[in-house]
Amino acid sequence: MAKTTFLDVADKNPLQTIREFLKSILNTDDVQALLVPGRSGSSQSIMPVLINDPDLIDDADPLSPCFPVNSARLASKLSHKPIKGKIAMVLRPCEIRALIELSKLKQADLANTVIIGIDCLGAYSTKYWAQINATDADSLPGGLPDPGNPNDPHLAAACRACEHFVPENADILIGLFGINTTEKIMIQGITDAGMALLKNLPQEMVEETSEEPVAREKAVTDLLASRIEYRDTMFETTRQAIDSHEKFVRYFDRCINCYNCRVACPVCYCKECVFNTDVFDHDPYQYLQWARRKGAVKLPADTVFYHMTRVAHMSLSCVGCGQCSNVCPNDIPVMELFRLTAADVQHAFEYEAGRDKEEPLPLSVFKEDEFTDVVGIG
Amino acid sequence: MTEKHHPLILAFVCNWCTYTAADLAGTSRLAYPENIRLIRVMCTGMVDPQYIIKAFLEGADMVLVSGCHPGDCHYINGNYKARRRIRLLKEILPRIGIEKERLRLTWIGASDGIQFSKTMQELVVQARKYGPNPVSAGARISE
Numbered sequence: 001m002a003k004t005t006f007l008d009v010a011d012k013n014p015l016q017t018i019r020e021f022l023k024s025i026l027n028t029d030d031v032q033a034l035l036v037p038g039r040s041g042s043s044q045s046i047m048p049v050l051i052n053d054p055d056l057i058d059d060a061d062p063l064s065p066c067f068p069v070n071s072a073r074l075a076s077k078l079s080h081k082p083i084k085g086k087i088a089m090v091l092r093p094c095e096i097r098a099l100i101e102l103s104k105l106k107q108a109d110l111a112n113t114v115i116i117g118i119d120c121l122g123a124y125s126t127k128y129w130a131q132i133n134a135t136d137a138d139s140l141p142g143g144l145p146d147p148g149n150p151n152d153p154h155l156a157a158a159c160r161a162c163e164h165f166v167p168e169n170a171d172i173l174i175g176l177f178g179i180n181t182t183e184k185i186m187i188q189g190i191t192d193a194g195m196a197l198l199k200n201l202p203q204e205m206v207e208e209t210s211e212e213p214v215a216r217e218k219a220v221t222d223l224l225a226s227r228i229e230y231r232d233t234m235f236e237t238t239r240q241a242i243d244s245h246e247k248f249v250r251y252f253d254r255c256i257n258c259y260n261c262r263v264a265c266p267v268c269y270c271k272e273c274v275f276n277t278d279v280f281d282h283d284p285y286q287y288l289q290w291a292r293r294k295g296a297v298k299l300p301a302d303t304v305f306y307h308m309t310r311v312a313h314m315s316l317s318c319v320g321c322g323q324c325s326n327v328c329p330n331d332i333p334v335m336e337l338f339r340l341t342a343a344d345v346q347h348a349f350e351y352e353a354g355r356d357k358e359e360p361l362p363l364s365v366f367k368e369d370e371f372t373d374v375v376g377i378g
Numbered sequence: 001m002t003e004k005h006h007p008l009i010l011a012f013v014c015n016w017c018t019y020t021a022a023d024l025a026g027t028s029r030l031a032y033p034e035n036i037r038l039i040r041v042m043c044t045g046m047v048d049p050q051y052i053i054k055a056f057l058e059g060a061d062m063v064l065v066s067g068c069h070p071g072d073c074h075y076i077n078g079n080y081k082a083r084r085r086i087r088l089l090k091e092i093l094p095r096i097g098i099e100k101e102r103l104r105l106t107w108i109g110a111s112d113g114i115q116f117s118k119t120m121q122e123l124v125v126q127a128r129k130y131g132p133n134p135v136s137a138g139a140r141i142s143e
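Residue numbers (my numbering), protein chains in the order written: chain A, 1 to 378; chain B, 1 to 143.
Don't read these hints as lab results, they were simulated from the structure. One or more of the hints may lead you astray.
[Said to hold, decoys possible] Heads up, simulated DSS-like pairs for lysine-lysine below, C-alpha to C-alpha not over 30 Å straight-line:
1) Lys23(A) - Lys84(A)
2) Lys367(A) - Lys100(B)
3) Lys294(A) - Lys100(B)
4) Lys4(B) - Lys247(A)
[What the hints assert, rightly or not] Restraint ranges, calculated between C-beta atoms of paired labels, are given here:
5) Gly26(B) - Gly378(A): 19 to 27 Å
6) Glu122(B) - Asp222(A): 50 to 58 Å
7) Lys357(A) - Asp23(B): 42 to 50 Å
8) Glu20(A) - Asp48(B): 48 to 56 Å
9) Ala291(A) - Arg40(B): 25 to 33 Å
10) Asp23(B) - Asp232(A): 50 to 58 Å
11) Glu122(B) - Thr237(A): 34 to 42 Å
12) Asp283(A) - Met46(B): 22 to 30 Å
13) Gly131(B) - Ile256(A): 31 to 39 Å
14) Met46(B) - Ala296(A): 31 to 39 Å
15) Gly26(B) - Gln240(A): 45 to 53 Å
16) Met46(B) - Lys357(A): 23 to 31 Å
17) Asp192(A) - Ile39(B): 47 to 55 Å
18) Asp23(B) - Glu359(A): 37 to 45 Å
[Stated by the list, open to error] Covered, in the sense of this in silico footprint (three residues per stretch, anywhere, with C-beta under 8 Å from a C-beta of chain B), are these stretches of chain A:
19) 245 to 258
20) 308 to 314
21) 343 to 352
22) 355 to 366
Glycine included, C-beta positions come from ideal geometry on N, C-alpha and C.
Using the sequences provided together with the hints, build the complete structure.
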């Protein structure tokens, strides 16, 4: 049973209040360090920062819409082997969900983490962030993104189609939706580990235990409805854009095999990608053979093959974070296609990436009596 | 038109059951169409989805994966794993415009020589019905 408390916001500055809260978490004995989005040194981009010194907490910027990398991979690097104590990690909901997928792949161990999830306001593309940062490094021209406005053109498409803006499977939740954040911020201890940690915080920090505000439920329901509407329109548009093989080829026709989508994908889990191995280091003779057999062959070769293989690998674990689209140098709307395919694939296996850490990956298990409809030639 | 289409069907067959059935069909002098290309694998559980995607991108009109009946797998459960992968591919292949019916999974036991021959003949009938793989049909220049 979740335990709800509230933080009083000082000086109408929720960010500073969250920083103080994170600082008090970092000060507890069990927490070795804090992974949090932040600005280190002269950096203008907000990147994940591993903070050890509580006095550097002002570097943390967990509400920023700058989202250049999905931290799940980094959280995996920090947690896949035992450490003394735990690392507290401030993650977006999609990062938590991806981390859960990685833990199922034994590439992360959640026992070494305390996950702090914040209601997600959504993110801008890295390109747009660079544009606005050029004029204003410290504050956003239009303030924080308004999650209630799904038509905010600057919000990444992945975020506008996201139904998982409230963190699931966090140990501690920082709630913003349906709350007047210039006055209060909601803190929930979700798991035993999270509640135990909150107990160790200074008493004056948190108000007495109370209920979730009524306005929150409505805010979440309303936002969910608008996100689903955007998502379904996006799915339909994408379906139509690739409803034949010719159109599919056109969809990817400016892919240069840079593999950025693979690098950015938090759940592209292979230690060594087959497309980097000798298997795809073809001899010149091989290319000539293809050209001879078919008359001509488009280069670079294997672009569609690469994307379909990647889909076969990651679609069951795709959390829809949109980093693939964020990093595509030629602006191919890859997120739209991957999310659509992931939705179909996950539905087929009655699975949802990041939903439950106890739920096994569909391809790691089987039942004797299932999917009998795929067998046979009838 | 369909008479002129000579479909190419790639069949990944497991060493212990379907390949043995093909062998039995041969020694029993049962005919099956020349459109089938058999690839012997040790188990259907080792058929990487990549092999199937590549087969279609190279123009195969149909792909068959065939192994032991449930409970008979030489490696205990490889065929169950294959069945999940086939289920996955049946969602993914339509994304690139390949109808999911072009991918088939069957269980043909080592003693089913007659069944093997019949299945192959039926697959060719189906492949003619579906027509050429859209990958090779539509493309002037190969992907």
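How the hints compare with the structure:
{"no.": "1", "hint": "Lys23(A) - Lys84(A)", "verdict": "19 Å, holds"}
{"no.": "2", "hint": "Lys367(A) - Lys100(B)", "verdict": "22 Å, holds"}
{"no.": "3", "hint": "Lys294(A) - Lys100(B)", "verdict": "25 Å, holds"}
{"no.": "4", "hint": "Lys4(B) - Lys247(A)", "verdict": "27 Å, holds"}
{"no.": "5", "hint": "Gly26(B) - Gly378(A): 19 to 27 Å", "verdict": "25 Å, holds"}
{"no.": "6", "hint": "Glu122(B) - Asp222(A): 50 to 58 Å", "verdict": "54 Å, holds"}
{"no.": "7", "hint": "Lys357(A) - Asp23(B): 42 to 50 Å", "verdict": "47 Å, holds"}
{"no.": "8", "hint": "Glu20(A) - Asp48(B): 48 to 56 Å", "verdict": "52 Å, holds"}
{"no.": "9", "hint": "Ala291(A) - Arg40(B): 25 to 33 Å", "verdict": "30 Å, holds"}
{"no.": "10", "hint": "Asp23(B) - Asp232(A): 50 to 58 Å", "verdict": "52 Å, holds"}
{"no.": "11", "hint": "Glu122(B) - Thr237(A): 34 to 42 Å", "verdict": "39 Å, holds"}
{"no.": "12", "hint": "Asp283(A) - Met46(B): 22 to 30 Å", "verdict": "25 Å, holds"}
{"no.": "13", "hint": "Gly131(B) - Ile256(A): 31 to 39 Å", "verdict": "33 Å, holds"}
{"no.": "14", "hint": "Met46(B) - Ala296(A): 31 to 39 Å", "verdict": "34 Å, holds"}
{"no.": "15", "hint": "Gly26(B) - Gln240(A): 45 to 53 Å", "verdict": "48 Å, holds"}
{"no.": "16", "hint": "Met46(B) - Lys357(A): 23 to 31 Å", "verdict": "29 Å, holds"}
{"no.": "17", "hint": "Asp192(A) - Ile39(B): 47 to 55 Å", "verdict": "52 Å, holds"}
{"no.": "18", "hint": "Asp23(B) - Glu359(A): 37 to 45 Å", "verdict": "42 Å, holds"}
{"no.": "19", "hint": "245 to 258", "verdict": "holds (count 5)"}
{"no.": "20", "hint": "308 to 314", "verdict": "holds (count 4)"}
{"no.": "21", "hint": "343 to 352", "verdict": "holds (count 4)"}
{"no.": "22", "hint": "355 to 366", "verdict": "holds (count 3)"}
Figure legend: structure checked against the earlier numbered hints; every hint is met.
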